[in-house]
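Dock chain F against the given chain U, drawing on the hints supplied.
Going down the list, the protein sequences come from chains U and F.
The first sequence begins at 1 in the UniProt record's numbering and counts up one residue at a time.
The second sequence begins at 1 in the UniProt record's numbering and counts up one residue at a time.
Simulated from the structure, these hints should not be mistaken for lab results.
As the structure is a prediction and not an experimental result, all values here were calculated from the model.
C-beta: ideal position from N, C-alpha, C; glycine also.
Keep in mind that the hints are not guaranteed to be accurate.
FRET-style restraints, in silico, Cβ to Cβ [claimed, not checked]: (1) F:ARG68 / U:ASP133: 26 to 34 Å; (2) U:ASP573 / F:LYS167: 42 to 50 Å; (3) U:PRO479 / F:LYS171: 54 to 62 Å; (4) F:ARG138 / U:ASP288: 45 to 53 Å; (5) F:LYS100 / U:LEU124: 32 to 40 Å.
Below, each chain spelled out in residue letters.
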Amino acid sequence: METLKKEKTASTKQSTKRISGAEAIIHCLLAEGVDLIYGYPGGAIMPLYDELYKFQDKLTHILTRHEQGATHAAQGYARVTGKVGVAVATSGPGATNLITGIADAQIDSTPMVCITGQVARHLLGSDAFQETDIIGISTPVTKWNCQVTKASEIPEVLAKAFYIARSGRPGPVLVDITKNAQIDEFDFSYEHCKGVRSYNPYPKPDIKAIKEAANLINAAKKPFIVFGQGVILGEAEEQLKTLVEKAGIPAAWTILGLSAMDTDHPLNVGMVGMHGNYGPNLLTNECDVLIAIGMRFDDRVTGSLDTYAKQAKIIHFDIDPAEINKNVKADVAVLGDSKVTLDLLLPMIKTNSHDSWHNEFKKKYEIEFDQIIKNDVYPTKDRLTMAEVIEEINIASGHKAIIVSDVGQHQMIACRYAKFKQTKSNVTSGGLGTMGFALPAAIGAKMGAMDREVVAIIGDGGYQMTIQELGTIFQNKTPVKIVVLNNDHLGMVRQWQELFFESRYASTVMVNPDFVKIAEGYHIQSKRISERKDLKATIQEMLASKDAYFLEVKVEKEDNVFPMIPSGASVSDIRLK
Amino acid sequence: MEDWDKEMEKKWFTISVYSENSVGLLNRISGIFLKRHINIESLNVSKSEIDHVSKFTIVVYTTEDWVRNIVGQVEKQIEVIKAFYHTDEETIYQESALFKVASTLLFDERNIQNIIKDSNSQIVTVSRDFFVLSKTGRRNEIDEMYQQLKPYGIMQFVRSGRIAVSKSEMKISSLLKEFNQ
Numbered sequence: 001m002e003t004l005k006k007e008k009t010a011s012t013k014q015s016t017k018r019i020s021g022a023e024a025i026i027h028c029l030l031a032e033g034v035d036l037i038y039g040y041p042g043g044a045i046m047p048l049y050d051e052l053y054k055f056q057d058k059l060t061h062i063l064t065r066h067e068q069g070a071t072h073a074a075q076g077y078a079r080v081t082g083k084v085g086v087a088v089a090t091s092g093p094g095a096t097n098l099i100t101g102i103a104d105a106q107i108d109s110t111p112m113v114c115i116t117g118q119v120a121r122h123l124l125g126s127d128a129f130q131e132t133d134i135i136g137i138s139t140p141v142t143k144w145n146c147q148v149t150k151a152s153e154i155p156e157v158l159a160k161a162f163y164i165a166r167s168g169r170p171g172p173v174l175v176d177i178t179k180n181a182q183i184d185e186f187d188f189s190y191e192h193c194k195g196v197r198s199y200n201p202y203p204k205p206d207i208k209a210i211k212e213a214a215n216l217i218n219a220a221k222k223p224f225i226v227f228g229q230g231v232i233l234g235e236a237e238e239q240l241k242t243l244v245e246k247a248g249i250p251a252a253w254t255i256l257g258l259s260a261m262d263t264d265h266p267l268n269v270g271m272v273g274m275h276g277n278y279g280p281n282l283l284t285n286e287c288d289v290l291i292a293i294g295m296r297f298d299d300r301v302t303g304s305l306d307t308y309a310k311q312a313k314i315i316h317f318d319i320d321p322a323e324i325n326k327n328v329k330a331d332v333a334v335l336g337d338s339k340v341t342l343d344l345l346l347p348m349i350k351t352n353s354h355d356s357w358h359n360e361f362k363k364k365y366e367i368e369f370d371q372i373i374k375n376d377v378y379p380t381k382d383r384l385t386m387a388e389v390i391e392e393i394n395i396a397s398g399h400k401a402i403i404v405s406d407v408g409q410h411q412m413i414a415c416r417y418a419k420f421k422q423t424k425s426n427v428t429s430g431g432l433g434t435m436g437f438a439l440p441a442a443i444g445a446k447m448g449a450m451d452r453e454v455v456a457i458i459g460d461g462g463y464q465m466t467i468q469e470l471g472t473i474f475q476n477k478t479p480v481k482i483v484v485l486n487n488d489h490l491g492m493v494r495q496w497q498e499l500f501f502e503s504r505y506a507s508t509v510m511v512n513p514d515f516v517k518i519a520e521g522y523h524i525q526s527k528r529i530s531e532r533k534d535l536k537a538t539i540q541e542m543l544a545s546k547d548a549y550f551l552e553v554k555v556e557k558e559d560n561v562f563p564m565i566p567s568g569a570s571v572s573d574i575r576l577k
Numbered sequence: 001m002e003d004w005d006k007e008m009e010k011k012w013f014t015i016s017v018y019s020e021n022s023v024g025l026l027n028r029i030s031g032i033f034l035k036r037h038i039n040i041e042s043l044n045v046s047k048s049e050i051d052h053v054s055k056f057t058i059v060v061y062t063t064e065d066w067v068r069n070i071v072g073q074v075e076k077q078i079e080v081i082k083a084f085y086h087t088d089e090e091t092i093y094q095e096s097a098l099f100k101v102a103s104t105l106l107f108d109e110r111n112i113q114n115i116i117k118d119s120n121s122q123i124v125t126v127s128r129d130f131f132v133l134s135k136t137g138r139r140n141e142i143d144e145m146y147q148q149l150k151p152y153g154i155m156q157f158v159r160s161g162r163i164a165v166s167k168s169e170m171k172i173s174s175l176l177k178e179f180n181q
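So here's chain U without its partners, still in its complex pose:
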């Protein structure tokens, strides 16, 4: 590939040394600043594992219990550190088991490099043992992928892989390396990738568009900000806060934007979307200027597009040109890295306040508090609610924990009620909605932030999709706190069945095992509670523990999550019951 050679490369060129392709992979990883990887060995990747054995003092490999777990752990690590997560697997089933995590990282823009072993070059296409076309399979769910069949190609391809994974809108990259390429020796040298000629990750900010955006914001009577993960990925949290405070604009978040701004900030008005807060959803259709920052107008955020913010001028800040006008037409599109574009915008913004408009949000919050939040967080009924568990974790952790949630009712409750002071603290599977994400992601999150408390909030359904990762926690003594909110149902599907399928509960009742005994089998300290009187003390005990801790909380079986915008309905039709 002639074009690859033309890419600009760094000036620092290491001296060459004759080594195997497998050893070269290790040196590439070290050169990219990787010190922790997740994976699972197998035939076609054994040469690399042999080198991992030799380099274990420099590069830690965490053996997960399933390759899917390796990808989610790499995602969790990437989400809390902002660094590229790395997952390794063998060919065939090892590689295909990565796909769910790769698809999750693609839709949630998580930087990840996956390395898979492949049968030797001469066996490609022969249906050899554990041969699968992982390049073909992974193409639609990767930002980039590449097969390496020669040892000498390894440094250049891996350098490009890391560059692509982390630059621009981040995403997953898969590099498939044939066994012969791992074994063969070549003269190794490494150059960081500084650019790819056909790839423009950072569009140049258009000052004219930024001026137009500033004019709209300055003239707005009812401006409203919706921020997403683009703020976190662009590390523009300070810029967002300054914009919100200077212009006095109420701001709401998508679930991937959660924690980019202190949840207790007076102008942080909550969450948008299907189970978001009442005010932000309703008032989306009353604002005059909607400022979307690093978010992609997902259908779970917008509801019906035909009735979404039609009255408002839309300003869309995003790094990805393909997101502009994809779902919602922008009146002003500002392309670029959020930190760069907001920094250019801020000097043009006039100091302002919109107290009566902000008051609208407060009034709506009072309605929501009265009808929903009060009963969720301070229930008077016998059975425990999911929200009061989250609230106790808030209190006990002082809003400082990293919360990793799975998918379903508990996820919506965790995202609605968890409190955050610090960015990169909410780790959840947003776009793909991958049940089984949280347990392995919490392992990666903890290893990426050892100084912080990491609490995984998981439903009884999703927990059993990756429950084997308790083995990874046990083996590595990873001090994660695991909270299973057990309602003995696939709660979110059950809720939809109750509301939209006339209570025909098809396959949503779970007959569950003794989760405490399972955790004990892995020698993880564990407890089950079902009464309110035990909640506070147990949460405190869990957070005080220096080791991993498993807590099962038996909660009300048939609670529903409200507010709710029914699928395909307008944000204005948000239901309180």
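Frame of chain U, contents of chain F only:
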């Protein structure tokens, strides 16, 4: 027609994609159409006016909203330099076709010679058993010739994908320069 198709009129669009010449890129691009359940009506891959830059010419029948969405996603692929879409009016386009016909017809059927003359097609080769006609033009012209020859028996027929150039400029060289700054 389904709800999501109603709002905009479907039209023929020619998508031009300038890219690196790398293994797997065709799969990556065709996957974007597959994901949206949109059929590729015609596809041609060739070199372009720039050294080491390939050009895909893809024809689809869909709405402008979809073609814009697709071009955005295509352009996002790492090895794609730039993608454009144009309507038929905005391009000069042609297709090529080959017809293999029995040689006896050339002598027995006087009308065949008229068809060759009227269609502006060329005889590529003549052998004892068959001769081959080549025709370059709009699809309807090729279809017309096909219909005319069909009664006499066509031994083989093949038509290429559409190739097209746009009337407006496609600034690839300056873009490449900008990327590399």
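Here is how each hint holds up against the structure:
1. F:ARG68 / U:ASP133: 26 to 34 Å: 31 Å, holds
2. U:ASP573 / F:LYS167: 42 to 50 Å: 47 Å, holds
3. U:PRO479 / F:LYS171: 54 to 62 Å: Given range 54 to 62 Å: holds, Cβ gap about 56 Å.
4. F:ARG138 / U:ASP288: 45 to 53 Å: The hinted range 45 to 53 Å holds for F:ARG138 and U:ASP288, with Cβ atoms some 50 Å apart.
5. F:LYS100 / U:LEU124: 32 to 40 Å: 36 Å, holds
Every hint from the earlier list agrees with this structure, and none is contradicted.
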